[in-house]
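Protein sequence lines, in the order shown, are assigned to chains A and B.
Everything in the first sequence is counted per this note's numbering, starting at 1 for the first residue and increasing by one.
Everything in the second sequence is counted per this note's numbering, starting at 1 for the first residue and increasing by one.
Calculated directly from the structure, the hints in this document are not laboratory data.
The beta carbon of each residue, even a glycine, is placed where N, CA and C say it ideally should be.
One should not assume that every hint holds.
What the hints assert, rightly or not - Reference listing, derived: stretches of chain A covered by chain B, where coverage requires no fewer than 3 residues with Cβ under 8 Å from a Cβ of chain B:
hint, region
1, 8-20
2, 23-32
Unchecked claim - Between beta-carbon pairs, the in silico distance windows are:
hint, chain 1, residue 1, chain 2, residue 2, range
3, A, H100, B, T654, 21 to 29 Å
4, A, I83, B, T58, 15 to 23 Å
5, B, I743, A, T113, 49 to 57 Å
6, A, T113, B, E266, 57 to 65 Å
7, A, I83, B, R762, 39 to 47 Å
So you can see what is in the structure, the chains are spelled out below.
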Amino acid sequence: MEALLAIVIGVLYTAGIYMMLRRSLVKVIFGLVFLGHAANLLIFTLGRITTGKPPFVAAGATSVVEPFADPLPQALILTAIIIGFGVQAFAIILFKKAYHTVGTDDVDKMNSTDRIE
Amino acid sequence: MIEVILLSFLSAFLLPLFFRFNKKLPGIISTLVAFFLFIYFASTLPTILSGNVIKESTPWFPAVGINFSFYLDGLSLLFALLITGIGTVVFLYASKYMEDYKYSARFFVYLTSFMASMLGLVLSDNLILLFIFLELTSVTSFLLIGFKHEKESSRYAALQALIVTGTGGLILFAGIIAIGIIAGTFNISDLLSNQQLIVQHSAYGLILFTFLLGAFTKSAQFPFHFWLPSAMEAPTPVSAYLHSATMVKAGVFLLARMNPILGGTELWQNSLILFGTITMLFAILTAVKQTDLKKILAYSTVSILGTLVMLIGIGTDFAIRAMIITLIAHAIYKATLFLISGTIDSQTGTRDVTKLRGLKDKMPITFATAILAMLSMFGIIPFLGFIGKETLLDSVIRSGLYFPFLPIIVFVSSVFVIAVASIVVLRPFLFAFKKTPRDVTEAPFRMWIGPALLSLLGLVFGISATYSLTSIVNSVSASIFNFNSDYTIKLWYGFNLNFFLSVLIVLVGLVFYRYRNIFIKIVSHSAIINYVKPSFWYDKFISGLNKLATTQTSLLQTGFLRHYIIIIMLAFIVFVGYTFFRNIPLSEINPNFNSTTYEKILAGVIVISAFFVVKAKSRLYAIISMGVVGYSIAIIFVLYGAPDLALTQFAIETLSVILFVFVLYKLPKYQNFSHPTRRMRDFLIAGSSGLIITLIVFYVTSIQLQSEVKKFFSETSLPIGMGRNVVNVIIVDFRALDTLGEITVLGIAAIGVFSMLKLILREEKN
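Kindly generate the complete structure, drawing on both the sequences and the hints.
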């Protein structure tokens, strides 16, 4: 299954980077969401996958019995999902405001602040 | 000594408080501080002159050998006395001169901070500490040159001085670190006891180079001298103090201090003599052409600094003594002449020598002071300058180095010194009075008393040299040579060669002064001089640097998000791809394709919905496909033992879809599409990046993993974290601070979303 996940991750990265290179700001935000998913799955897979064994300490035991899923990548991803959502929500509202002000969703027309004379 | 330096800094920062009380107080208080410091250092004279040194150290970063270590010997005491003694005179003068300036408190804060930094510099026993104080003098000098910051020329001059001396200082820092690595100590006093260590090391040439650059930029040696004449933009007391008597001698001090550690080699001797001589001659030739009093004095200061560097380079005990005497004599007469140029400026309204004539009757005291200073600069017996000139000629001839070129160059530049002194003093004061922009009156008391005392000191020291100067000069040369010398200084050595040369110099100089216009005409007609000017190249360099910055910024910062991402991804593809294919043989990549049917279906669903998102024509369609991707990933989490992640992912995905729909459903369809070739290019970049990541995951997952961390968390979760769900224990216990940070980020994002939403709703209402 790892190989399959590797391909899924590669596809998600491809889709994310491709979307971030588009002109519509909404597509750029979709690209951002793709990258978040891809990175989460990457961390998850690199920590190795174990089918159906969550890291719980069973009643009466003092530690988790092997085999079980690695808890550390899970803790990291949990944080990443939440932060990713924060970024996404902020980006969407920022887009809405920008669209209101500028009247376009074309990133190519939003570059005047970055240019030097 | 650390208390003394701290006290000076403290008093500098307290001055603005007194300014609120009374506008005249900062000037008076800083004068008193300088005078108190002078008394303090004078009181250590008996100890130092009897051959002792005072050492003090307060730990700072003892682990890396950086401490507040101070070292008072003959050399540092001489400088400390010059800094505080001339400082007292300058502060007193400035208390009157700067009285009507709006920001006079600020001025005294800078000037007192400079004095403290300069004292720290000469007293440092630790090279790192010395470097810090050296840079502090550059910074305070920058603030003082740019004091009239509303003038563009002031700002330009201040920046120029900072760039030149600051760059030299940073290069010097590299040499200091190299010494620290080689010798294992930054302490000058420890280095002195191990003199051959650096000189015999293979990096000696490089270290010497850094020290020479540091010293030459600071002491305005050719080709770095140009910042000093520009620095004349500063108020005149600053020019007298920093840019003549003290700060510009920091480079000379550094060379003298390092003479026992870095000196004594042919490389040292030749570089110092070469640059010193060029500076000495070039600067005094330029001085003659100037018409601004301060510029003339500035170029002649550069010339003297060259002389001092040359003398350290010659390095015989005669030369070192000549260096010390010239240094003292110059500090006294040049500070006097600078202050007088300030007096002339403020009393007449101009500093242009072509407009000044016959001031002697209007300003008799200033005239007398100027004459005394001029005679010392001339080198007339019995002034201190006479002894300086005699010993200079004596040591150059006696050393036999580069005979006869070196004596001839010294002779020629001495002739020009006479002409310069005459232009500065004789021309404005003698002959019939010429009307000036302001009605001329004698200077106020606080502005003539200091210069008058200083110029008398030049006479007193000359007459009493045997008794007043012998012991201090011997003590200073002992620090420079690191052994005790016993030599008696005399005013009169009889009618010898040096005396006749001295007389000849004065006579030729006066004749040259009379006919200087012929020389000036010849020099100013040669256009090539502009290309020799280092300041020309400095301007070229700075404007070139600006152009380079503009070009590379507009190249990289195009304003198109796409370009930034392409640059980042190309760098990823090239560097990570290259490293991967270079180091990992393809045979070691063994991906595990075993999977059940429903796993295959799940992967297929993700890939297909990702494709739909990319290809979707409407936003709503894309949002729904995006949701499918998210839910599918949540199912992956369910399958592989991560129920917490799955729960979170389901919740978040639902919220995302709602948010997307809420914000985006009203918008029109996509409007702008890229050209197909551009889409092809983008796909290639994105696809290559994705492929590299897939290959990396293939490779990593084909290696067995033994995680100590996994074991640790699973065993400690219950006993230490008191929880059976290990992931939750990590989140709220082991990595609780991370979670706190995460909550904070989320809170900030929520505030941002909320306030922007309110703004949008308000706009929609209107």
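For each hint, the structure was consulted:
1. 8-20: holds (count 13)
2. 23-32: holds (count 6)
3. A:H100 / B:T654: 21 to 29 Å: 26 Å, holds
4. A:I83 / B:T58: 15 to 23 Å: This hint is violated: roughly 47 Å between Cβ atoms.
5. B:I743 / A:T113: 49 to 57 Å: For A:T113 against B:I743, whose Cβ atoms are near 32 Å apart, the range 49 to 57 Å is violated.
6. A:T113 / B:E266: 57 to 65 Å: Hint holds: Cβ distance 59 Å, inside 57 to 65 Å.
7. A:I83 / B:R762: 39 to 47 Å: Check failed, 29 Å falls outside 39 to 47 Å.
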